[in-house]
Amino acid sequence: MSKDTKNSDDKKELTPQLINDVKQELKKRSDELMELKNGLESILELKNKIQNNNRNNDKNKKVDIQQESSSKKPCSTNSHQQKKAGEHQYCKNKVLIICVTSFILFLGVLIMVVPENE
1 MSKDTKNSDD KKELTPQLIN DVKQELKKRS DELMELKNGL ESILELKNKI
51 QNNNRNNDKN KKVDIQQESS SKKPCSTNSH QQKKAGEHQY CKNKVLIICV
101 TSFILFLGVL IMVVPENE
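When we follow UniProt numbering, the leftmost residue of the sequence shown carries the number 1, and every step to the right adds one.
I should point out that these hints are in silico values taken from the structure, not numbers from a laboratory. Computed from a predicted model, the values in this text were never measured in an experiment. Treat the hints with care, since some could be wrong.
Straight-line Cα separation of at most 25 Å, DSS-like style, residue types lysine-lysine; simulated pairs [what the hints assert, rightly or not]:
no.: 1; residue 1: LYS47; residue 2: LYS37
no.: 2; residue 1: LYS94; residue 2: LYS84
no.: 3; residue 1: LYS47; residue 2: LYS59
no.: 4; residue 1: LYS23; residue 2: LYS37
no.: 5; residue 1: LYS49; residue 2: LYS37
no.: 6; residue 1: LYS28; residue 2: LYS47
no.: 7; residue 1: LYS49; residue 2: LYS62
no.: 8; residue 1: LYS94; residue 2: LYS83
no.: 9; residue 1: LYS49; residue 2: LYS59
no.: 10; residue 1: LYS27; residue 2: LYS37
no.: 11; residue 1: LYS47; residue 2: LYS62
no.: 12; residue 1: LYS61; residue 2: LYS47
Label-pair restraints from in silico Cβ distances [to be verified]:
no.: 13; residue 1: LYS94; residue 2: LYS59; range: 40 to 46 Å
no.: 14; residue 1: LYS94; residue 2: ASN53; range: 44 to 50 Å
no.: 15; residue 1: VAL95; residue 2: LYS49; range: 43 to 49 Å
no.: 16; residue 1: ILE43; residue 2: GLN66; range: 31 to 37 Å
no.: 17; residue 1: LYS59; residue 2: ASN38; range: 55 to 61 Å
no.: 18; residue 1: ILE97; residue 2: SER69; range: 37 to 43 Å
no.: 19; residue 1: GLN67; residue 2: ASN93; range: 55 to 61 Å
no.: 20; residue 1: LYS83; residue 2: SER42; range: 49 to 55 Å
no.: 21; residue 1: GLU32; residue 2: GLN67; range: 39 to 45 Å
no.: 22; residue 1: VAL63; residue 2: LEU33; range: 56 to 62 Å
no.: 23; residue 1: GLN67; residue 2: ILE97; range: 40 to 46 Å
no.: 24; residue 1: THR101; residue 2: ASN53; range: 52 to 58 Å
no.: 25; residue 1: ILE98; residue 2: LYS59; range: 57 to 63 Å
For each residue, glycine too, the CB sits at the ideal point set by N, CA and C.
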């Protein structure tokens with residue numbers, strides 16, 4: 001008998017007031033969802049506009065770069081080779097300076113460590 005009373009307590013009667021309350025709650029939630037949907041759609045539209053603008057800007061940049069490169073004189077190979085040779089000489093000089101400095105430091109340490117014979 002206790003189970004029967006428990007089941008009857010769990011069951012609610014569908015009263016017109018309860019039905020109206022549920023309808024109002026559903027309408028409220030539906031309105032909230034529609035607002036969220038509209039917000040998401042506007043965000044999506046803005047995202048698409050930004051992507052289109054970025055694509056157009058990239059295309060314009062590519063066209064500008066192509067126009068600039070076609071309007072400029074082609075680089076002469078001699079100046080390119082001279083520039084490369086200059087960089088190579090700079091690297092050689094840098095290595096030479098490092099080697100000479102290391103050798104001088106080594107000699108300095110060697111002189112300090114080895115005692116003088118009198």
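Cross-check of the supplied hints:
Restraint check for LYS47 and LYS37: the C-alpha separation of about 15 Å stays at or below 25 Å, so the hint holds. Restraint check for LYS94 and LYS84: satisfied, since their Cα atoms lie roughly 15 Å apart, inside the 25 Å limit. Between LYS47 and LYS59, the direct Cα distance comes to roughly 18 Å. Compliance with the 25 Å bound is thereby established for this hinted pair. Distance restraint check for LYS23 and LYS37: the Cα-Cα separation of roughly 21 Å lies within the 25 Å cut-off, and the hinted pair is therefore satisfied.
Distance hint between LYS49 and LYS37 is fulfilled; the C-alpha atoms sit about 18 Å from each other, no more than 25 Å. A hinted pair counts as satisfied when its Cα atoms are at most 25 Å apart, and LYS28 with LYS47 does not qualify at roughly 29 Å. Taking the CA atoms of LYS49 and LYS62, the gap is about 20 Å. The hint holds against a cut of 25 Å. For the given pair, LYS94 sits about 17 Å from LYS83 by alpha-carbon distance, which is consistent with the 25 Å threshold.
For the given pair, LYS49 sits about 15 Å from LYS59 by alpha-carbon distance, which is consistent with the 25 Å threshold. Restraint check for LYS27 and LYS37: the C-alpha separation of about 15 Å stays at or below 25 Å, so the hint holds. Between LYS47 and LYS62 the CA atoms are separated by roughly 23 Å; this keeps the pair inside 25 Å, and the hint holds. About 21 Å separates the Cα atoms of LYS61 and LYS47, which keeps this hinted pair within 25 Å; it holds.
A beta carbon spacing of about 43 Å between LYS94 and LYS59 agrees with the range 40 to 46 Å that was offered as a hint. Distance hint for LYS94 and ASN53: a CB-CB separation of about 46 Å, consistent with the stated range 44 to 50 Å. For VAL95 paired with LYS49, a C-beta distance near 55 Å fails the hint of 43 to 49 Å. In this structure the supplied range 31 to 37 Å holds for ILE43 paired with GLN66, their Cβ-Cβ distance being about 35 Å.
Against the hinted window of 55 to 61 Å, the Cβ-Cβ separation of LYS59 and ASN38 comes to about 32 Å, which falls outside the hint. Restraint check, ILE97 to SER69: a C-beta distance of roughly 38 Å satisfies the suggested window 37 to 43 Å. The given range of 55 to 61 Å is broken by GLN67 and ASN93, whose C-beta atoms sit roughly 40 Å from each other. Range check, LYS83 to SER42: about 53 Å between beta-carbon atoms, so the 49 to 55 Å window is met.
Remark: the range hint 39 to 45 Å for GLU32 to GLN67 is contradicted by a beta-carbon distance near 53 Å. The supplied range of 56 to 62 Å is broken by VAL63 and LEU33, whose beta-carbon atoms lie about 45 Å from each other. Between GLN67 and ILE97 the beta carbon distance is about 44 Å. The supplied range of 40 to 46 Å therefore holds. Look at THR101 against ASN53: about 55 Å separates their beta carbons, and that is inside 52 to 58 Å.
About 48 Å separates the C-beta atoms of ILE98 and LYS59, a value inconsistent with the hinted range of 57 to 63 Å.
Violated hints, listed in ascending order, are 6, 15, 17, 19, 21, 22, 25; each of the other numbered hints is respected by the structure.
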